[in-house]
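Knowing the structure of chain E, use the given hints to seat chain L on it.
Number of protein chains: 2
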Amino acid sequence: MANEWATFGADLHLEVRGPHLRAGLMDALREAVRSGRLEAGTRLPSSRSLAADLGMARNTVADAYAELVAEGWLTARQGSGTRVARRAEPRRTEPRKPPPAPATAVRSRLTAPAHNLKAGTPDLASFPRADWLKAYRRALTAAPNEALGYGDPRGRIELRTALAEYLARARGVHARPERIVICAGFVHGLMLIGEVLRGRAVRHVAVESYGLGVHADILRRAGLGTPTLPFDERGTRVEELTGVGGVLLTAAHQFPLGGALPPDRRAAVVDWARASGGFVLEDDYDGEFRFDRQPVGALQGLDPERVVYLGTASKSLAPGLRLAWMVVPEGLVGEVVAAKGAVDWASSAPDQLAFAEFLGSGAYDRHVRAMRLRYRRRRDQLVEAVAAHSPLTRVSGIAAGLHAVLALPPGTEQDVLRAAAWHGLAVQGVNQFRRQGVEPTLDGLVVGYATPPDSGWQGALQALCRVLP
Amino acid sequence: MANEWATFGADLHLEVRGPHLRAGLMDALREAVRSGRLEAGTRLPSSRSLAADLGMARNTVADAYAELVAEGWLTARQGSGTRVARRAEPRRTEPRKPPPAPATAVRSRLTAPAHNLKAGTPDLASFPRADWLKAYRRALTAAPNEALGYGDPRGRIELRTALAEYLARARGVHARPERIVICAGFVHGLMLIGEVLRGRAVRHVAVESYGLGVHADILRRAGLGTPTLPFDERGTRVEELTGVGGVLLTAAHQFPLGGALPPDRRAAVVDWARASGGFVLEDDYDGEFRFDRQPVGALQGLDPERVVYLGTASKSLAPGLRLAWMVVPEGLVGEVVAAKGAVDWASSAPDQLAFAEFLGSGAYDRHVRAMRLRYRRRRDQLVEAVAAHSPLTRVSGIAAGLHAVLALPPGTEQDVLRAAAWHGLAVQGVNQFRRQGVEPTLDGLVVGYATPPDSGWQGALQALCRVLP
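The listed protein sequences correspond, in order, to chains E and L. Here our numbering is used: the first residue of the first sequence is 10, the next is one more, and so on. Here our numbering is used: the first residue of the second sequence is 10, the next is one more, and so on.
This is chain E alone, in the form it adopts within the complex (with noise of 0.2 Å):
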């Protein structure tokens, strides 16, 4: 026991040197509580000598004594002095899952290839720093001091009426800031909506045959199920919506297919949630970037009362900012609120008042123009690489967005794959973003030509063209 002491004072007197005394005390002590190096029950020397072991003030010990004893690790009673407290003996649970698998980022970070070309990411070295932060600076200085409260669970009114204004304007989009819900991306939002279809009794929520696995995840977290729509060479058909409450569509490009809906389908399904009484969940992630013609409207404008438009800043600026929108139906407001919960959980308002300012200046037309000529560029220069080096592909898809599908020769896409990952070049096929149950048919790499910066662009390219049959 003395012994013991001895060596754990020695080791005391290593660890708190330096200004903070007390608290280097207390976490020596803890630790050693903790791991077992002083045993519940032990008394512990008085506080004058240690004071006088450590070359302490006795006050300081005396001080870091009863904070333990506070926070519960030491008792003191008259006449038994200062002890460690007797614990109960931990049960030992061993963690239900294995340990975490590193989240994407983390996993691509280890394993880094070289070239990257998976679609989801705009170029992030584009993202307007001066611009935004500008925005943000004006925004914070000129905020009331109420914005910094919690705040209304739709969002900042600043920021709902400039994305009105904007989506109107750029979209097609019947919205009025009463109707519009910040959210923390995309997929916050389907998370909000999901749960208010499963609240209104529907059971299912169509999804159409190739789309982002993680949505779906979403839907039948939320107690949905996810039939599939069938799609032809026209694109996704929507003639078969039946026992479902909604579907989930990306009218205006597919992804990752690439096309867009033919004007009567997207009449036919519009036509549907009005005489069945369902909805659209419109996913327009990527609907300003569009380098033949000017957009194409979002389906919502025909019909907000049955068409749930879904939009992000995180093609358009980066997902890093977690800024994204919902424009609902009126009678649909009050759910989703409810959903998001009485506080607001999402957005902050800094951020909120920044992208209000960042709209209303003229900034984000400015940058999405840049982005859309950059983005422009580089498919052109992925059709004429791909025509040059590749007889057997062929880009399919509109020229829009901020990725293309290189359709390739049947039965090729898992060698090309191979290849691709060989190379060092990170990028995938149609056949990932397959739903289950739909047969494979194609093949193809979905390449998204906005995620590398400008100075590994033309590296990627090359990689690529390497790879292709």
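If you're looking for bench data, these hints aren't it; they were derived computationally from the structure. One or more of the hints may lead you astray.
Identical copies carry no separate label here, and so any pair may be met within one copy or between two of them.
[Claimed, not checked] Once the Cα atoms are required to be at most 20 Å apart in a straight line, the calculated EDC-like pairs of lysine to aspartate or glutamate come out as: (1) Lys143 <-> Asp389; (2) Lys143 <-> Asp273; (3) Lys127 <-> Asp161; (4) Lys127 <-> Glu155; (5) Lys143 <-> Asp463.
All values reported here derive from a predicted model rather than from experimental measurement.
Positioned in the frame of chain E, the structure of chain L alone reads:
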């Protein structure tokens, strides 16, 4: 028909002036179809003739028609001209619920009281805008591009590292960055941990007799029962924790009653968790603000594997930032990350980096110190004023935090609240925080002395004194 069109054309003429002729024309046509002014099947004038009517270039009109065909508003068939598309009759569905109740913030603005002493919000006028902006600018300027992409669902490593250091130093939290998860407010964290516990087949999480209703609601939304723990003059009793898998505690400063959990009960609740395999959810909402002594360290330090620590910037900085953090037992990290979703849909990366910079630069410590002095002064003034004006009222609870409880003579709370409302003073009674089923045994006011700006504090204090018995 001709008449109708002529009128409509005249309207159009009014609406489509300005630089964006084509967009204006499209908007006007969409609106006309939507409102029924242009009926389904109506044949539109040729683009040449409408262009002449409107004084536009023919191409502008032809383009607008083509757009609206692509969007599904119009149809164009060889020989039949351009017509308004035939649409299914909308099925009018009424909203399920009454229109959304205005959010708390909105509602309180509508009937804005002259003085606000409701607890839960710090003095927003003291938000360190200049220092925060400086941190934000530095952080965004220095951030690598990848920081703007989709990130680790736990949050930015820079922030988790800064928090690990801060929490160990300021709150005695045993934290490694790997087990810290950033979330968009305490509520978000509680939702996640509720989902995780439910997924582990936990059926009940005990809550304190007094607390925020929204917290119990969140646990219940996760499918958990919320039995209430009894309390006595020493605070929450934790001896009867049977049949529950978790317990939500405000150990450092009970909300709203204002006591600190005594050392033996701190030890007992951790011992219960060890012995039973349960979890303590430690809501450390204002742990940095203790005025009479150094803050008692967090319960989490006693057993990091059995205590989930939840902290927030909502009280120390501003709720509008939506920044909070959890320190999670190692065995739960994977499940919390899974609950958070594959994509990080919480706080923006620039905000997280700004907060990391704010912590690392010492600006956070300085701000907390300044606010501690300010709130301490206000609390002292409150104690003095109450002593001077109301011999029947007693300030109870420890000298800590952003609120105090004024214990009132039995049976007087309702009268005092009515008087407060009459005098334009927003303040709440302890019984507004009493959980359902808990016997009413206390009368008191929960006074959020942090809420008003400096300029409003003396007036609020005087209004309070006027309504005390």
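Quick rundown of the hints versus the structure:
1. When the C-alpha separation of Lys143 and Asp389 is checked against a cutoff of 20 Å, the pair qualifies neither within a copy, at 33 Å, nor between copies, at 41 Å.
2. Taking identical chains as interchangeable, the C-alpha atoms of Lys143 and Asp273 are never at most 20 Å apart, the minima being 44 Å within one chain and 53 Å between chains.
3. For the homomeric pair Lys127 and Asp161, the shortest alpha-carbon distance between copies (17 Å) is at most 20 Å, but the shortest distance inside one copy (37 Å) is not.
4. With identical chains, the CA atoms of Lys127 and Glu155 are at most 20 Å apart between copies only, with a shortest distance of 14 Å across copies and 42 Å within one.
5. Neither within a single protomer nor between protomers do Lys143 and Asp463 lie at most 20 Å apart by alpha-carbon distance, with minima of 24 Å and 29 Å respectively.
In this structure, the earlier hints numbered 1, 2, 5 are contradicted, and the remaining ones agree with it.
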